[in-house]
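Undergrad: Sequence:
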Amino acid sequence: MQTDPPPSQSSGHGAGLNYTRLWQAMAWGMVLAVAWLSLIPHPPQPPALLGWDKAQHLLAYASLMFWFRQVFAGRGRWPVFLLVLGITLECLQGLGGFRTFDPADMVANTAGVGAGLWLAGTPLGKSLRGLDHILSKILPPRFRR
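If you read the sequence shown in the numbering used here, its first letter stands for residue 1, the second for the next number, and so on.
Treat the hints as calculated values from the structure; they're not laboratory data. Treat each hint with caution, since some may be false.
Pairwise CB distance ranges (calculated) [what the hints assert, rightly or not]: (1) A111 <-> A35: 18 to 26 Å; (2) P123 <-> P43: 29 to 37 Å; (3) L135 <-> T100: 36 to 44 Å; (4) M26 <-> W118: 17 to 25 Å; (5) V80 <-> I40: 19 to 27 Å; (6) L131 <-> R75: 18 to 26 Å; (7) L139 <-> Q45: 34 to 42 Å; (8) Q45 <-> S136: 34 to 42 Å; (9) W52 <-> M26: 25 to 33 Å; (10) F101 <-> P44: 46 to 54 Å; (11) R144 <-> G97: 44 to 52 Å; (12) W28 <-> G76: 14 to 22 Å; (13) D53 <-> W28: 18 to 26 Å.
The list that follows gives simulated cross-link-like pairs (lysine to any residue, SDA-like), each with its CA atoms no further than 25 Å apart [said to hold, decoys possible]: (14) K137 <-> K54; (15) K54 <-> A115; (16) K54 <-> H42; (17) K54 <-> L89; (18) K54 <-> P44; (19) K137 <-> P44; (20) K54 <-> R99; (21) K54 <-> G121; (22) K126 <-> Q24; (23) K54 <-> Y19; (24) K126 <-> L89; (25) K54 <-> A73; (26) K137 <-> S127; (27) K126 <-> P44; (28) K126 <-> L95; (29) K54 <-> D102; (30) K54 <-> T20; (31) K126 <-> A115; (32) K126 <-> H42.
Even for Gly, the Cβ is constructed at its ideal location relative to N, Cα and C.
Go ahead and model the full structure; you've got the sequences and the hints to work with.
TA: Structure follows, in C-alpha cells:
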C-alpha cells in the first residue's frame, strides 16, 4: 500500500500543508462567491472604501490568485483558469440583461491575477503555511489532509 510522502518531501505549492483539503475547499468557495456576486442582479453594496467597481474586481481576483497559488500545485494553469473565469463571468453579465458587460472589468480582473501572483511570491505567500502550522497544534490529526 502506497502512502503520501510526508509534507516535507512533497513538492509544489500546497506542499507542506496539513489541511490541504480544507484550504482547497475554501478556494473553491471563494470562486463560487465571486461567480455568485458577479451574476446576481443586485449584489450587496461593499464598504465605502471599496465602492469603486474596478477596485472590487482587482481585490477579488488578487485574493483568488494569492490563495490558489498557496494551496494548489500546477503553477501555470491557475492564472489561466482565473483569467478565463473573469472573462466568462463578464460575458455572462452582458448576456444576462440585468448587468452590463465592461471590458475595463476584465482589465481589473487581469491586474488582480497579476497582483495575486506577485504577492504570492513575497514572504506573505507563506502565510497560509504558518496558519496551517498553528492549526496543526490545535486540531486533532483526523482533520489533516
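Undergrad: Work down the list of hints and note, for each, if the structure agrees.
TA: Here's how the hints hold up against the structure:
1. At about 19 Å, the beta-carbon gap between A111 and A35 stays in the expected band of 18 to 26 Å.
2. A C-beta distance of roughly 33 Å is found between P123 and P43, which places it inside the suggested range of 29 to 37 Å.
3. For L135 paired with T100, a C-beta distance near 42 Å keeps the hint of 36 to 44 Å intact.
4. As the Cβ distance of M26 to W118 is approximately 21 Å, the hint placing it in 17 to 25 Å holds.
5. Roughly 26 Å separates the CB atoms of V80 and I40, a value that falls within the hinted 19 to 27 Å.
6. Restraint check, L131 to R75: a C-beta distance of roughly 21 Å satisfies the suggested window 18 to 26 Å.
7. Checking the proposed 34 to 42 Å range against L139 and Q45 shows it holds: the Cβ atoms sit about 36 Å from each other.
8. Between Q45 and S136 the C-beta distance comes to about 38 Å, which sits within the given range of 34 to 42 Å.
9. A C-beta distance of roughly 26 Å is found between W52 and M26, which places it inside the suggested range of 25 to 33 Å.
10. Judged by the Cβ atoms, the range 46 to 54 Å given for F101 and P44 is violated: they are separated by roughly 21 Å.
11. Distance hint check: the CB atoms of R144 and G97 are about 46 Å apart, consistent with the given range 44 to 52 Å.
12. For W28 and G76, the hinted distance range of 14 to 22 Å is satisfied, since their beta carbons lie about 19 Å from each other.
13. In this structure, D53 and W28 meet the distance hint of 18 to 26 Å, their C-beta atoms being roughly 24 Å apart.
14. Restraint check: the Cα-Cα separation between K137 and K54 comes to about 40 Å, which exceeds 25 Å; the hinted pair is violated.
15. Annotation: proposed proximity of K54 to A115 holds, straight-line Cα distance about 14 Å (limit 25 Å).
16. A threshold of 25 Å between alpha carbons decides the hint, and for K54 with H42 the separation of about 17 Å falls inside it, so the pair holds.
17. For the hint linking K54 to L89, the alpha-carbon distance of about 15 Å falls within 25 Å, and the restraint holds.
18. The suggested pairing of K54 with P44 holds, with an alpha-carbon distance near 16 Å, which does not exceed 25 Å.
19. About 37 Å separates the Cα atoms of K137 and P44, which puts this hinted pair outside 25 Å; it is violated.
20. For a cut-off of 25 Å, the pair hint linking K54 to R99 stands: about 15 Å separates their Cα positions.
21. A distance of roughly 23 Å separates the Cα atoms of K54 and G121; the hinted pair therefore holds under the 25 Å criterion.
22. Among the hinted pairs, K126 with Q24 is consistent with the structure: their alpha-carbon atoms are about 15 Å apart, no more than 25 Å.
23. With a C-alpha separation of about 33 Å, the suggested pair K54 and Y19 falls outside the 25 Å cut-off, and the hint is violated.
24. Under the criterion of a C-alpha separation no larger than 25 Å, the hint pairing K126 with L89 is inconsistent with the structure, at around 30 Å.
25. For the hint pairing K54 with A73, the CA-to-CA distance comes to about 29 Å; that exceeds 25 Å, so the pair is violated.
26. At most 25 Å may separate the alpha-carbon atoms for a hinted pair to count; K137 and S127 meet this at roughly 16 Å.
27. Note on K126 and P44: the hinted pairing is violated, with a Cα-Cα distance of about 31 Å set against a maximum of 25 Å.
28. A threshold of 25 Å between alpha carbons decides the hint, and for K126 with L95 the separation of about 39 Å lies outside it, so the pair is violated.
29. Taking the CA atoms of K54 and D102, the gap is near 10 Å; set against the 25 Å cutoff, the hint holds.
30. Note on K54 and T20: the hinted pairing is violated, with a Cα-Cα distance of about 31 Å set against a maximum of 25 Å.
31. In summary, the hint linking K126 to A115 is supported, as the alpha carbons are separated by about 16 Å, within the 25 Å threshold.
32. With a C-alpha separation of about 36 Å, the suggested pair K126 and H42 falls outside the 25 Å cut-off, and the hint is violated.
Hint compliance for this structure: hints 10, 14, 19, 23, 24, 25, 27, 28, 30, 32 are broken, all remaining hints hold.
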